[in-house]
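*Asks:* With the hints as your guide, set chain B onto chain A.
2 protein chains.
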Amino acid sequence: MIFSLHPRLQQDTFKITDLTLSQLLLMNNRNFPWLILVPQKPEIRELTDLEPKDRLILMEEICLVSEKMQAFFKPDKINVASLGNLVPQLHIHVVARYQHDAAWPGPVWGATCVECQEKAAKEILGKLITVFKADSL
Amino acid sequence: MIFSLHPRLQQDTFKITDLTLSQLLLMNNRNFPWLILVPQKPEIRELTDLEPKDRLILMEEICLVSEKMQAFFKPDKINVASLGNLVPQLHIHVVARYQHDAAWPGPVWGATCVECQEKAAKEILGKLITVFKADSL
Numbered sequence: 001m002i003f004s005l006h007p008r009l010q011q012d013t014f015k016i017t018d019l020t021l022s023q024l025l026l027m028n029n030r031n032f033p034w035l036i037l038v039p040q041k042p043e044i045r046e047l048t049d050l051e052p053k054d055r056l057i058l059m060e061e062i063c064l065v066s067e068k069m070q071a072f073f074k075p076d077k078i079n080v081a082s083l084g085n086l087v088p089q090l091h092i093h094v095v096a097r098y099q100h101d102a103a104w105p106g107p108v109w110g111a112t113c114v115e116c117q118e119k120a121a122k123e124i125l126g127k128l129i130t131v132f133k134a135d136s137l
Numbered sequence: 001m002i003f004s005l006h007p008r009l010q011q012d013t014f015k016i017t018d019l020t021l022s023q024l025l026l027m028n029n030r031n032f033p034w035l036i037l038v039p040q041k042p043e044i045r046e047l048t049d050l051e052p053k054d055r056l057i058l059m060e061e062i063c064l065v066s067e068k069m070q071a072f073f074k075p076d077k078i079n080v081a082s083l084g085n086l087v088p089q090l091h092i093h094v095v096a097r098y099q100h101d102a103a104w105p106g107p108v109w110g111a112t113c114v115e116c117q118e119k120a121a122k123e124i125l126g127k128l129i130t131v132f133k134a135d136s137l
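Each protein sequence line maps, in turn, to chains A and B.
For reference, each letter of the first sequence is one residue, going 1 to 137 in my numbering.
For reference, each letter of the second sequence is one residue, going 1 to 137 in my numbering.
Just chain A, same shape as in the assembly (with noise of 0.2 Å):
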């Protein structure tokens, strides 16, 4: 089996960059600075399908892109999780959460989808890009 990224996420997200077990992808989605990691091995649903040494990668990797995120967006909160509900690829949500954003105290999922313009993606996209830029593990 050979890893490849769901369709929906696919359809949901920009490409960042790869750090070196997850894809990092941006969420398109205006009311939340939204990242995505996506190991990037086949037939993954739950953190524990993970070999051991992966989940550490990832939960190093989460680390990484909460610190990236922390100094670039400054929120009041990061938010990580893992559900994977609707989309069975094992993916870890990490969101950059202000008080006064579109859901805050509750969580961004199910929240309405309102989808960044493209000059705005771009623009923000770029600026992650470098962000990432040689920070891979």
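Treat each hint with caution, since some may be false.
Which copy is meant is left open, because identical chains are indistinguishable; a pair holds if it fits in one copy or across any two.
[Stated by the list, open to error] Using 25 Å as the maximum straight-line C-alpha spacing, the simulated DMTMM-like pairs for lysine to aspartate or glutamate come out as follows:
1) K133 x D49
2) K133 x E123
3) K122 x E46
4) K122 x D54
5) K119 x E43
6) K127 x E43
7) K127 x D54
8) K74 x E43
9) K122 x E43
10) K53 x E115
11) K53 x E67
Think of the hints as simulated: they come from the structure by calculation, not from any bench.
*Replies:* Chain B alone, transformed into the frame defined by chain A:
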């Protein structure tokens, strides 16, 4: 600084056991089998506030708890999340989800909380204490 459990977590949960790093708690909500890990370190809000070695222990504990819940509750999916928009002390939700549960496919946060009756809570708590006995990492 000494670790002490946030009053809101104390009020909403029952204690199952101590693992190496975290307290393991059962959420008092009979809609979902819902466990919570709280790393026993003072003044921690984000995953990135933990020391790197504790982040890895936490990932191992999340996976241990997930595996025990998979074996015991036979869910369709495990949801894992660190949110903390309301309770600032770092705590990790590990929730066993079913396609027929009260919030599927949405997240459990924000869904109505139906507290366990005392007898039911004690019964499930007793079973979970046995499941996790002698399984600290």
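*Asks:* So, for every hint listed, does it hold in this structure?
*Replies:* So, going through the hints one by one against the coordinates:
no.: 1; hint: K133 x D49; in the structure: between (29 Å within a copy, 23 Å between copies)
no.: 2; hint: K133 x E123; in the structure: within (16 Å within a copy, 52 Å between copies)
no.: 3; hint: K122 x E46; in the structure: neither (31 Å within a copy, 29 Å between copies)
no.: 4; hint: K122 x D54; in the structure: neither (31 Å within a copy, 37 Å between copies)
no.: 5; hint: K119 x E43; in the structure: neither (35 Å within a copy, 40 Å between copies)
no.: 6; hint: K127 x E43; in the structure: neither (32 Å within a copy, 32 Å between copies)
no.: 7; hint: K127 x D54; in the structure: neither (28 Å within a copy, 31 Å between copies)
no.: 8; hint: K74 x E43; in the structure: between (35 Å within a copy, 19 Å between copies)
no.: 9; hint: K122 x E43; in the structure: neither (31 Å within a copy, 38 Å between copies)
no.: 10; hint: K53 x E115; in the structure: neither (36 Å within a copy, 38 Å between copies)
no.: 11; hint: K53 x E67; in the structure: both (21 Å within a copy, 16 Å between copies)
Taken one by one, the earlier hints fail for this structure at numbers 3, 4, 5, 6, 7, 9 and 10, listed in ascending order.
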